[in-house]
Amino acid sequence: MKHTMFSLKKFDYKKIRNIKDKTVRKILLGFGLTAVIFIILILAFLLMEGLPFFFNGDSIDFFTGDVWDPSSPNIPRYGILPMVLGTFLVTLGAIVIAVPIGVGCSIYLAEIAHPKIRETLKPVIEILAGIPSVVYGFFALVVLSAWIDDFFHSTTRLNALTGSIMLAVMMLPIIISLSEDAIRSVPREMKEASLALGLTKWDTIRGVVIPAALSGITAAIILGVARAIGETMTVLMATGNAPVISFDMLTSMRTMTATIAVEMGEVPFGSIHYHALFAVGIVLFVITFVINFIADKVMKRFREKY
Amino acid sequence: MKWKKIKEHIIYSLLRLTGLFIVCALAVLLFYIISGGMGKMSWDFLSSFPKDGMMSGGIFPMIIGTLSLMTLTMLIALPIGTLSAIYLVEYAKPGRFTDAIRLAVHNLAGVPSIVYGLLGLGLFVVFLGLGLSLISAALTLAIMVLPIIIASSQEALRAVPQNIREGALALGSTKWETTRYHVLPYALPGMMTGSILALSRAAGETAPIIMTGAAFYITHLPSSIFDEFMALPYSIYTLATQSSNVEATRPTIFGAILVLLLIVLCMNLVAIIARNYYRKKYRW
Amino acid sequence: MSEDIEIETKNLNLWYGDKQALKNINMKIPEEKVTAVIGPSGCGKSTLIRCFNRMNDIIDCCRVKGTILIDGKDIYNKKMDVVELRKNVGMVFQKPNPFPKSIYENIAYAPRIHGLKNKKKLNKAVEKCLKQAFIWDEVKDRLGDSAKSLSGGQQQRLCIARALAVEPEILLMDEPCSALDPIATAKIEELIRYLSKEYTVVIVTHNMQQAARVSDYTAYMYIGELIEFGKTKQIFENPYEESTENYITGRFG
Ligand SMILES: Nc1ncnc2c1ncn2[C@@H]1O[C@H](COP(=O)(O)OP(=O)(O)O)[C@@H](O)[C@H]1O
Ligand SMILES: [Mg+2]
Numbered sequence: 001m002k003h004t005m006f007s008l009k010k011f012d013y014k015k016i017r018n019i020k021d022k023t024v025r026k027i028l029l030g031f032g033l034t035a036v037i038f039i040i041l042i043l044a045f046l047l048m049e050g051l052p053f054f055f056n057g058d059s060i061d062f063f064t065g066d067v068w069d070p071s072s073p074n075i076p077r078y079g080i081l082p083m084v085l086g087t088f089l090v091t092l093g094a095i096v097i098a099v100p101i102g103v104g105c106s107i108y109l110a111e112i113a114h115p116k117i118r119e120t121l122k123p124v125i126e127i128l129a130g131i132p133s134v135v136y137g138f139f140a141l142v143v144l145s146a147w148i149d150d151f152f153h154s155t156t157r158l159n160a161l162t163g164s165i166m167l168a169v170m171m172l173p174i175i176i177s178l179s180e181d182a183i184r185s186v187p188r189e190m191k192e193a194s195l196a197l198g199l200t201k202w203d204t205i206r207g208v209v210i211p212a213a214l215s216g217i218t219a220a221i222i223l224g225v226a227r228a229i230g231e232t233m234t235v236l237m238a239t240g241n242a243p244v245i246s247f248d249m250l251t252s253m254r255t256m257t258a259t260i261a262v263e264m265g266e267v268p269f270g271s272i273h274y275h276a277l278f279a280v281g282i283v284l285f286v287i288t289f290v291i292n293f294i295a296d297k298v299m300k301r302f303r304e305k306y
Numbered sequence: 001m002k003w004k005k006i007k008e009h010i011i012y013s014l015l016r017l018t019g020l021f022i023v024c025a026l027a028v029l030l031f032y033i034i035s036g037g038m039g040k041m042s043w044d045f046l047s048s049f050p051k052d053g054m055m056s057g058g059i060f061p062m063i064i065g066t067l068s069l070m071t072l073t074m075l076i077a078l079p080i081g082t083l084s085a086i087y088l089v090e091y092a093k094p095g096r097f098t099d100a101i102r103l104a105v106h107n108l109a110g111v112p113s114i115v116y117g118l119l120g121l122g123l124f125v126v127f128l129g130l131g132l133s134l135i136s137a138a139l140t141l142a143i144m145v146l147p148i149i150i151a152s153s154q155e156a157l158r159a160v161p162q163n164i165r166e167g168a169l170a171l172g173s174t175k176w177e178t179t180r181y182h183v184l185p186y187a188l189p190g191m192m193t194g195s196i197l198a199l200s201r202a203a204g205e206t207a208p209i210i211m212t213g214a215a216f217y218i219t220h221l222p223s224s225i226f227d228e229f230m231a232l233p234y235s236i237y238t239l240a241t242q243s244s245n246v247e248a249t250r251p252t253i254f255g256a257i258l259v260l261l262l263i264v265l266c267m268n269l270v271a272i273i274a275r276n277y278y279r280k281k282y283r284w
Numbered sequence: 001m002s003e004d005i006e007i008e009t010k011n012l013n014l015w016y017g018d019k020q021a022l023k024n025i026n027m028k029i030p031e032e033k034v035t036a037v038i039g040p041s042g043c044g045k046s047t048l049i050r051c052f053n054r055m056n057d058i059i060d061c062c063r064v065k066g067t068i069l070i071d072g073k074d075i076y077n078k079k080m081d082v083v084e085l086r087k088n089v090g091m092v093f094q095k096p097n098p099f100p101k102s103i104y105e106n107i108a109y110a111p112r113i114h115g116l117k118n119k120k121k122l123n124k125a126v127e128k129c130l131k132q133a134f135i136w137d138e139v140k141d142r143l144g145d146s147a148k149s150l151s152g153g154q155q156q157r158l159c160i161a162r163a164l165a166v167e168p169e170i171l172l173m174d175e176p177c178s179a180l181d182p183i184a185t186a187k188i189e190e191l192i193r194y195l196s197k198e199y200t201v202v203i204v205t206h207n208m209q210q211a212a213r214v215s216d217y218t219a220y221m222y223i224g225e226l227i228e229f230g231k232t233k234q235i236f237e238n239p240y241e242e243s244t245e246n247y248i249t250g251r252f253g
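Keeping their order, the protein sequence lines are chains H, P and V.
Residue numbers 1 to 306, in our numbering, belong to the letters of the first sequence in order.
Residue numbers 1 to 284, in our numbering, belong to the letters of the second sequence in order.
Residue numbers 1 to 253, in our numbering, belong to the letters of the third sequence in order.
So here's chain H without its partners, still in its complex pose (with noise of 0.2 Å):
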């Protein structure tokens, strides 16, 4: 050894250290397979709840029967059809609402707005975020059914359109910060060529900025979708929960999400009625997962893209 300078080898630290770096790496590795025990257990739960439904249950019934009324004195009846319907037509409308709106304020927010007005909007958009659904469910509760009912004269206060609209306010938060995310990493040279060509800046977002940021755009609407089936106290408190068949917007209709809520609270454990809302929890799961893997993976396209 040469060079002593500061004499380190009479330290011998080494043992102490390579034992210390070992049991770390245990240790968050038993922390990181917790995770995932915790992440298997959902998946193993569901199913230990919910299959046995599939297996006792009438489950030919539950796809296709369109009436819902576990408590019926003489057959009760476990269709999952209204429920789908409800969820269906209540994230549809919500669409309808928040996907103009949405994106619109997006490509307003990272191409027209001025940096200062993009500053304060910003936080209003975080904090319509954080506001819990419960919040925005007793909104429409209490105030947004009201207005809906001076304007339409709906036969119920309650109905899928508040349900709808509530969901828009709360999916917008999502749509707008990630479609202006997508929009802002399309390339600027992109723009710059553009524009270099005589283009105006609005041919140029229809034209270029746009279409470049359709996929990372399209992703975000499915993510804000995927919320909007899985969210529960809003249109639990503001669609009237009633489990039935119809297409008028202006009628109260019933999601899965509000189903399980509603009822789980009220069945003997082990029922059939408990495993019956645990199979309507699997198939919320089902289609959550697959929504949220195909947001994944168009947004994974579009990022390979730039």
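Bear in mind the hints are in silico, worked out from the structure with no lab data behind them.
Since the model is a prediction, treat every value here as computed from it, not as a measurement.
Warning: the hint list may mix true and false statements.
Here are the simulated lysine-lysine pairs, BS3-like style, with alpha carbons at most 30 Å apart [to be verified]:
1) Lys175(P) x Lys119(V)
2) Lys101(V) x Lys175(P)
3) Lys101(V) x Lys140(V)
4) Lys300(H) x Lys201(H)
5) Lys14(H) x Lys93(P)
6) Lys78(V) x Lys93(P)
7) Lys191(H) x Lys116(H)
8) Lys101(V) x Lys128(V)
9) Lys93(P) x Lys175(P)
10) Lys175(P) x Lys148(V)
11) Lys116(H) x Lys7(P)
12) Lys233(V) x Lys23(V)
13) Lys51(P) x Lys26(H)
14) Lys117(V) x Lys131(V)
15) Lys117(V) x Lys140(V)
16) Lys191(H) x Lys280(P)
17) Lys93(P) x Lys116(H)
18) Lys19(V) x Lys300(H)
19) Lys14(H) x Lys73(V)
20) Lys175(P) x Lys281(P)
21) Lys26(H) x Lys117(V)
22) Lys20(H) x Lys175(P)
23) Lys14(H) x Lys281(P)
24) Lys14(H) x Lys79(V)
25) Lys117(V) x Lys14(H)
26) Lys15(H) x Lys120(V)
27) Lys14(H) x Lys120(V)
28) Lys117(V) x Lys175(P)
29) Lys14(H) x Lys121(V)
30) Lys93(P) x Lys23(V)
31) Lys19(V) x Lys305(H)
32) Lys191(H) x Lys51(P)
33) Lys148(V) x Lys280(P)
For this one, chain H is given, so just place chains P and V with the ligands on it according to the hints.
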């Protein structure tokens, strides 16, 4: 040419309107809540038990319930979430297993909260026999926020440039020393920001706790983690939908909402300010 | 060759996934001399020197076959302690990568983790390393400042000082000047010449003149293979291989 200008003008105005819509939505929401709840705000309201079937009195047990639920959730989710993120980013070798974890973590962040509620009911309340309790609800919320905490922590860790790690390793640091002294100090603010945001989301969650331990009305505070508890979001929900006297309970609901919003938004605010501060501080 | 051998590679092969990046490298790097590794970009220069302190370990898809002896010990042996190895084989990177801490902390960090806790000795060590790296005079009054406040050239010399603080015997440098201006480069070259009195230096560069100026030996690589290795004077004036000559003259011309 002129027509085109007018058309663009109209489009720009429409886009501007969408921005205005967002601001109005928040303003209207906050206006109703603040004007409805402000009158209720008093020390008495915050510190006393509800009376007369919750038509009067305060919301003290709900506040305590929500805060203890948050604390417990944090104690469970924070170590598991951040430490497994460190494992995934700094230690895990790429392969099928790691990919599977990444995929799961990523996609589970989008699973509806009610599904987590089902899990909590099946696993903690029934299977593990923890019953309807604070601990069941906290475990459920912890699992719910875990994917978010892991994802944001991973992002924060990845933001530390690789050449800093190489520099430390080349000096003969062990893997842990490198992580501890040269990665964590710079990733920690980001990790905490993401975690606070995730927890603030949990604070306002209602659906999962309906099934795992929140109670409509109890006369005492939870004495242990195995007790049922009252929580602000659940009380808001039950009072708003199940009360027999709507007009009489409404001020209490508004008051509870205002308090819940303050808790949630304060957490958000802390997280956002911290993020902006550290974003400026460490520019690699 | 008359000198003692510090690093010896025997049939060294390396793959990134399926792609072979080093093919049968056999070379003997002499002690207390400067050895330059030159070759077109992507030929495996960085990969080669990153084998000497097993920095490639952190790249997951990387696989190594063959032997590397340092001081006669096989560093890819299972029993080899990587931490100990890296303490003995310092490295300076292409882009200066000081820790975002104070100048003092950058230097003091390594001796401290290696067990030097005494405050006075630590101060002495920091001073000595900074002096050795010709940067002491520029920073002695601002040791508490952030290392990021230094210029690029100063940052790189700080990184060299930081590497010296673990008392290595070998110093690996991967294009240490490619991000620097000519004046800063001249300073570092002078420093390298000075360090070679005590250290074995292996420097990767794609600047021919730099290789000619600072090195005693030169290795010329081409697409993962070691084409030629010898005294710098001989390689530059009278290369055996045509490929070497083309590369060198091409760059000089
Ligand atoms: N981390 C890596 N993963 C995969 N391939 C790599 C990696 N690093 C380098 N390579 C490949 O190995 C070859 C040699 O690279 P490198 O040693 O960096 O060349 P040089 O330093 O001579 O420019 C290149 O073809 C490069 O693409
Ligand atoms: Mg290189």
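Hints versus structure:
Simply put, lysine 175(P) and lysine 119(V) have alpha-carbon atoms about 25 Å apart, close enough for the 30 Å limit, and the pair holds. Of the pairs offered as hints, the one joining lysine 101(V) and lysine 175(P) holds, with about 19 Å between alpha carbons and a cut-off of 30 Å not exceeded. A distance of roughly 16 Å separates the Cα atoms of lysine 101(V) and lysine 140(V); the hinted pair therefore holds under the 30 Å criterion. Among the hinted pairs, lysine 300(H) with lysine 201(H) is consistent with the structure: their alpha-carbon atoms are about 28 Å apart, no more than 30 Å.
With a C-alpha separation of about 25 Å, the suggested pairing of lysine 14(H) with lysine 93(P) holds against the 30 Å cut-off. A C-alpha spacing of about 19 Å is found between lysine 78(V) and lysine 93(P), which places the hinted pair at or below 30 Å, so the restraint holds. The hinted pair formed by lysine 191(H) and lysine 116(H) meets the criterion: a straight-line CA distance of about 22 Å does not exceed 30 Å. Between the alpha carbons of lysine 101(V) and lysine 128(V) the distance comes to roughly 19 Å, so the proposed pair stays at or under 30 Å and holds.
Between lysine 93(P) and lysine 175(P) the CA atoms are separated by roughly 14 Å; this keeps the pair inside 30 Å, and the hint holds. A hinted pair counts as satisfied when its Cα atoms are at most 30 Å apart, and lysine 175(P) with lysine 148(V) qualifies at roughly 24 Å. About 25 Å separates the Cα atoms of lysine 116(H) and lysine 7(P), which keeps this hinted pair within 30 Å; it holds. Note on lysine 233(V) and lysine 23(V): the hinted pairing holds, with a Cα-Cα distance of about 26 Å set against a maximum of 30 Å.
A C-alpha spacing of about 53 Å is found between lysine 51(P) and lysine 26(H), which places the hinted pair above 30 Å, so the restraint is violated. For the proposed pair lysine 117(V) and lysine 131(V), the alpha carbon gap of about 21 Å is at most 30 Å, so the pair holds. Between lysine 117(V) and lysine 140(V) the alpha-carbon distance is near 21 Å, which keeps this suggested pair within the 30 Å criterion. For the given pair, lysine 191(H) sits about 28 Å from lysine 280(P) by alpha-carbon distance, which is consistent with the 30 Å threshold.
Proposed proximity of lysine 93(P) and lysine 116(H) is contradicted: the alpha carbons are some 45 Å apart, above 30 Å. Simply put, lysine 19(V) and lysine 300(H) have alpha-carbon atoms about 26 Å apart, close enough for the 30 Å limit, and the pair holds. With a CA separation close to 19 Å, the supplied pair lysine 14(H) and lysine 73(V) stays within the 30 Å bound. Restraint check for lysine 175(P) and lysine 281(P): the C-alpha separation of about 25 Å stays at or below 30 Å, so the hint holds.
Among the hinted pairs, lysine 26(H) with lysine 117(V) is consistent with the structure: their alpha-carbon atoms are about 28 Å apart, no more than 30 Å. For the hint pairing lysine 20(H) with lysine 175(P), the CA-to-CA distance comes to about 10 Å; that is within 30 Å, so the pair holds. A C-alpha spacing of about 34 Å is found between lysine 14(H) and lysine 281(P), which places the hinted pair above 30 Å, so the restraint is violated. Pair hint lysine 14(H) plus lysine 79(V) holds up; C-alpha atoms about 14 Å apart against a cutoff of 30 Å.
About 14 Å separates the Cα atoms of lysine 117(V) and lysine 14(H), which keeps this hinted pair within 30 Å; it holds. Between the alpha carbons of lysine 15(H) and lysine 120(V) the distance comes to roughly 25 Å, so the proposed pair stays at or under 30 Å and holds. Taken as a hint, the lysine 14(H) and lysine 120(V) pair is honoured in the structure, with Cα atoms around 22 Å apart against an allowance of 30 Å. Of the pairs offered as hints, the one joining lysine 117(V) and lysine 175(P) holds, with about 21 Å between alpha carbons and a cut-off of 30 Å not exceeded.
Under the criterion of a C-alpha separation no larger than 30 Å, the hint pairing lysine 14(H) with lysine 121(V) is consistent with the structure, at around 20 Å. Between lysine 93(P) and lysine 23(V) the alpha-carbon distance is near 26 Å, which keeps this suggested pair within the 30 Å criterion. Of the supplied pair hints, the one linking lysine 19(V) and lysine 305(H) holds, its CA atoms being roughly 25 Å apart against a limit of 30 Å. For the proposed pair lysine 191(H) and lysine 51(P), the alpha carbon gap of about 64 Å is over 30 Å, so the pair is violated.
A distance of roughly 14 Å separates the Cα atoms of lysine 148(V) and lysine 280(P); the hinted pair therefore holds under the 30 Å criterion.
Hint compliance for this structure: hints 13, 17, 23, 32 are not met, and every other hint is.
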